[in-house]
Amino acid sequence: MDRLLGRPLRVPYRWLMIAAVVVAAIAHVPVIAPHLDEAPYMGVLFVVLTLACLILAAAIAIHDSAVVYALSVLTCGLAVIGYAATRVVAFPMLADDVGNWWEPLGVVSIVSESIVVIGALSALVRGRAVAARAGSGI
Numbered sequence: 001m002d003r004l005l006g007r008p009l010r011v012p013y014r015w016l017m018i019a020a021v022v023v024a025a026i027a028h029v030p031v032i033a034p035h036l037d038e039a040p041y042m043g044v045l046f047v048v049l050t051l052a053c054l055i056l057a058a059a060i061a062i063h064d065s066a067v068v069y070a071l072s073v074l075t076c077g078l079a080v081i082g083y084a085a086t087r088v089v090a091f092p093m094l095a096d097d098v099g100n101w102w103e104p105l106g107v108v109s110i111v112s113e114s115i116v117v118i119g120a121l122s123a124l125v126r127g128r129a130v131a132a133r134a135g136s137g138i
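Per the UniProt record's numbering, the very first residue in the sequence shown carries number 1; after that it's consecutive.
Hints are computed from structural coordinates only; laboratory data are not their basis. Note that the structure is predicted; figures quoted are calculated from it, not measured. Treat the hints loosely; a few may be bogus.
[As the list claims (entries may be wrong)] If you anchor each label on the Cβ, the simulated ranges turn out as follows:
#1 ASN100 to ARG126: 32 to 38 Å
#2 ARG10 to ASP37: 24 to 30 Å
#3 LEU74 to VAL44: 15 to 21 Å
From the three backbone atoms N, C-alpha and C, an ideal C-beta is built for every residue, glycine too.
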């Protein structure tokens with residue numbers, strides 16, 4: 001697996017990130033069905049995001065490599081950007097979301113996804129520092 005994903009970083013706070021990415025997945029489950037009815041494209045995106053978050057949780061638990069953390073930043077970062085975009089711009093069939101920043105499950109999602117992004121970025125920086133020290137013989 002190291003050849004495909006790189007060596008595991010064994011970040012000590014990876015369990016916090018696993019919990020946060022699972023919370024992000026769970027927070028999207030209740031809104032999937034309504035969005036599949038109201039705005040099917042968003043419902044499908046919520047299904048994809050939920051599955052991606054669960055896969056990331058498993059990947060972080062099994063093999064927390066730089067690739068996994070980069071995918072975590074990408075996935076959860078895009079989710080945060082998507083949430084903000086739907087609050088600023090009227091998306092097709094979702095115009096009622098504009099300005100609705102404090103929707104409870106949205107807040108849970110944004111907080112948990114932000115924890116994942118910050119933790120994954122920190123893991124990537126930490127991984128580079130460890131690799132640099134190992135390469136310099138320190």
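query: Regarding ARG10 and ASP37, is the given constraint of 24 to 30 Å on their beta-carbon distance met?
result: violated (43 Å)
message: Taking 15 to 21 Å as the stated bounds, is the beta-carbon spacing between LEU74 and VAL44 within them?
response: Check passed, 18 Å falls within 15 to 21 Å.
message: Tell me if the beta carbons of ASN100 and ARG126 are separated by a distance inside 32 to 38 Å.
response: holds (36 Å)
Violated hint: 2 only; the structure is consistent with all others.
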